[in-house]
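If you're matching them up, the sequences are chains A and B in order. Here the first sequence stands for residues 1 to 270, numbered as in the working numbering. Here the second sequence stands for residues 271 to 537, numbered as in the working numbering.
Incorrect hints may have been included.
Unchecked claim - Here are the simulated DSS-like pairs of lysine-lysine, each with C-alpha atoms no more than 27 angstroms apart in a straight line:
1. A:176 x B:373
2. B:373 x A:66
3. B:401 x A:176
4. B:345 x A:25
5. A:66 x B:345
6. A:66 x B:333
7. A:168 x B:401
8. A:264 x B:333
9. B:345 x B:373
10. A:168 x B:333
Since the hints were derived computationally from the structure, they do not count as laboratory data.
Here is how the chains run, residue by residue.
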Amino acid sequence: MTRGSPEDRYFPIEIPILTISPGKKLSIFYLEVLRDRPGILAEVTEEFSSRGMNIVHSLAHVEEGKGLIIIVAERPDGVNIEELKGHLGSIEGIGSVEYEESHIEGLLIPYHLFPFLRGTVRLVALNAKAITSLSEELSKILGSSASGAILFRIGYEMGKGFVIGHLKIAERVGIKDPFEILRHISVPLYASSGYGIASLEEAGGVFSLRIRENFEAVDRKSKEPSCYMTKGMWKGGLERIFNRSISIEEVKCKARGDEYCEFKIEIPRG
Amino acid sequence: MREGSAGFRVPLTRVTISPGDRLAAFLIEVTRDRMGIIRDITDVLRDLGLNLHNISAYAEGGKGAIYLVVNVSGKPESIVSDIRNKFSSIDGIGRILYQISEKDGLLIDTLNFPLMRYDDRIFTLTEEAWKTLTSDLTAILGSEAYHAIIYRIGYEMGKGFAENYVDIARRAGIEEPMDVIRYVMSGMLAASGWGRSSLEIGENSLRIKIEENLEAEASPKSNEPSCYFTKGVITGALTRILRSPVEVRETRCKAAGDEYCEFIARY
Numbered sequence: 001m002t003r004g005s006p007e008d009r010y011f012p013i014e015i016p017i018l019t020i021s022p023g024k025k026l027s028i029f030y031l032e033v034l035r036d037r038p039g040i041l042a043e044v045t046e047e048f049s050s051r052g053m054n055i056v057h058s059l060a061h062v063e064e065g066k067g068l069i070i071i072v073a074e075r076p077d078g079v080n081i082e083e084l085k086g087h088l089g090s091i092e093g094i095g096s097v098e099y100e101e102s103h104i105e106g107l108l109i110p111y112h113l114f115p116f117l118r119g120t121v122r123l124v125a126l127n128a129k130a131i132t133s134l135s136e137e138l139s140k141i142l143g144s145s146a147s148g149a150i151l152f153r154i155g156y157e158m159g160k161g162f163v164i165g166h167l168k169i170a171e172r173v174g175i176k177d178p179f180e181i182l183r184h185i186s187v188p189l190y191a192s193s194g195y196g197i198a199s200l201e202e203a204g205g206v207f208s209l210r211i212r213e214n215f216e217a218v219d220r221k222s223k224e225p226s227c228y229m230t231k232g233m234w235k236g237g238l239e240r241i242f243n244r245s246i247s248i249e250e251v252k253c254k255a256r257g258d259e260y261c262e263f264k265i266e267i268p269r270g
Numbered sequence: 271m272r273e274g275s276a277g278f279r280v281p282l283t284r285v286t287i288s289p290g291d292r293l294a295a296f297l298i299e300v301t302r303d304r305m306g307i308i309r310d311i312t313d314v315l316r317d318l319g320l321n322l323h324n325i326s327a328y329a330e331g332g333k334g335a336i337y338l339v340v341n342v343s344g345k346p347e348s349i350v351s352d353i354r355n356k357f358s359s360i361d362g363i364g365r366i367l368y369q370i371s372e373k374d375g376l377l378i379d380t381l382n383f384p385l386m387r388y389d390d391r392i393f394t395l396t397e398e399a400w401k402t403l404t405s406d407l408t409a410i411l412g413s414e415a416y417h418a419i420i421y422r423i424g425y426e427m428g429k430g431f432a433e434n435y436v437d438i439a440r441r442a443g444i445e446e447p448m449d450v451i452r453y454v455m456s457g458m459l460a461a462s463g464w465g466r467s468s469l470e471i472g473e474n475s476l477r478i479k480i481e482e483n484l485e486a487e488a489s490p491k492s493n494e495p496s497c498y499f500t501k502g503v504i505t506g507a508l509t510r511i512l513r514s515p516v517e518v519r520e521t522r523c524k525a526a527g528d529e530y531c532e533f534i535a536r537y
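Please take these sequences and the hints and turn them into a complete structure.
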């Protein structure tokens with residue numbers, strides 16, 4: 001995998017799950033794309049700009065000629081929404097058009113973007129603050145040792161569950177070797193799912209799993225490696241992939257002040 | 271105004287599967303959005319004889335990003351740099367990152383990192399991971415202990431979710447706690463993929479209805495309401511927002527055969 005110049009920094013696509021525009025009346029339009037063609041997005045955006053509606057966000061996703069266009073726009077008084085919907089629906093290639101208004105000025109949280117899917121797999125989004133809150137409070141209530149054990153176990157079970165999806169992808173693509181599943185599916189999916197940028201190296205039969213910007217280490221300080229949930233996730237996932245016990249230790253941790261989190265993994269060859 | 275639910279599906283994490291094909295992904299920074307920019311990009315691909323597998327384009331405030339995956343099977347090694355060079359010459363385009371599939375037929379996006387919702391990092395949990403967590407913990411601990419633990423986990427996470435809700439509300443100029451609940455919390459449950467929720471406010475009480483609640487759908491059938499995690503989330507979130515104790519009961523549950531899950535909160 002190559003990325004471009006090493007100096008390049010990520011500029012992630014923000015999913016417009018919500019829009020904040022203080023004082024503005026906001027509307028969101030969902031346009032079904034039945035037949036994608038060059039210029040379709042330009043025609044859609046022209047309908048808004050011709051009515052003086054400032055587009056705050058737009059998101060278009062097309063796959064194999066079909067997809068969805070989402071437009072979040074400020075809604076000035078006097079705009080005839082039904083008339084606009086009619087014009088949008090008459091654009092060649094556009095199917096149904098749905099619409100939602102913000103319930104309160106300045107904030108729009110879409111109702112129709114549900115559920116989240118990756119293929120046929122349903123997903124939910126967790127935010128970093130929720131994990132931090134869980135980790136801190138469990139530690140206060142139970143002490144760090146017990147809370148670490150609980151977080152590890154949660155991670156372990158989640159890891160086993162995540163790998164169900166990894167194995168399905170492997171089957172579709174024709175990957176059978178567990179080491180290939182780990183390297184080509186589990187490792188990149190960790191970043192793709194937002195947890196951290198993982199990379200894997202092997203030396204003398206021991207794997208080093210390096211994770212930059214790991215979700216569990218964000219905004220947290222610790223005297224020792226303490227990404228228990230992460231450790232559990234990888235142990236549970238790897239044991240499912242390899243069908244045998246593996247050992248894993250966290251040897252570096254961003255929460256401790258290291259540059260990244262690192263785990264040493266021993267996978268007995270079968 | 272809420273239209274009838276159309277249930278549009280948006281791919282949240284990008285995994286492209288096209289068996290046998292060599293794939294290349296590009297993440298293109300848009301420094302100055304303008305009409306026709308996507309057409310210019312797709313024209314480049316057409317001129318190079320490339321098939322576009324999928325494309326997502328996002329813009330806000332005149333800037334944005336475009337992510338696309340193309341099939342480069344049978345093309346020379348130089349094709350990626352050819353594409354980059356042509357993209358670079360398009361007006362309004364900034365940096366360009368790329369990723370080539372290491373295994374034919376599969377490209378898992380690692381360019382779009384981190385996943386963000388405003389200033390908050392998010393990450394995704396699959397339904398399968400949730401099901402495994404709940405079923406295995408129940409088997410190990412027994413249902414009663416599992417319910418107590420998963421409630422507590424939900425409660426602590428709910429407080430964390432609520433920090434996010436309060437932050438969003440503040441940015442939008444919403445200060446009143448009841449408005450935070452009404453305009454932010456309720457919507458965010460659906461916007462985070464947990465379930466479609468709606469809210470009724472009564473005298474010192476709230477009725478929260480959740481359809482397609484992930485916890486209920488992923489749980490085995492039950493004789494009684496069993497969405498302990500959700501109950502914990504609602505309790506923790508309301509406690510944080512209202513800054514006072516809240517008592518929450520689940521009065522209907524999809525896992526118990528009801529049409530939806532319902533929670534009554536008293537404060």
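Hint check:
At roughly 12 angstroms between alpha-carbon atoms, residue 176 of chain A and residue 373 of chain B fall within 27 angstroms of each other, so this suggested pair holds. Of the pairs offered as hints, the one joining residue 373 of chain B and residue 66 of chain A holds, with about 26 angstroms between alpha carbons and a cut-off of 27 angstroms not exceeded. Proximity of residue 401 of chain B to residue 176 of chain A is assessed by CA-CA distance (about 25 angstroms); at most 27 angstroms being required, the pair is judged to hold. Simply put, residue 345 of chain B and residue 25 of chain A have alpha-carbon atoms about 49 angstroms apart, too far for the 27 angstroms limit, and the pair is violated.
For the proposed pair residue 66 of chain A and residue 345 of chain B, the alpha carbon gap of about 26 angstroms is at most 27 angstroms, so the pair holds. At roughly 25 angstroms between alpha-carbon atoms, residue 66 of chain A and residue 333 of chain B fall within 27 angstroms of each other, so this suggested pair holds. The suggested pairing of residue 168 of chain A with residue 401 of chain B holds, with an alpha-carbon distance near 16 angstroms, which does not exceed 27 angstroms. With a CA separation close to 41 angstroms, the supplied pair residue 264 of chain A and residue 333 of chain B exceeds the 27 angstroms bound.
For the hint pairing residue 345 of chain B with residue 373 of chain B, the CA-to-CA distance comes to about 16 angstroms; that is within 27 angstroms, so the pair holds. Note on residue 168 of chain A and residue 333 of chain B: the hinted pairing is violated, with a Cα-Cα distance of about 36 angstroms set against a maximum of 27 angstroms.
Violated hints, in rising order: 4, 8, 10; the structure is consistent with all others.
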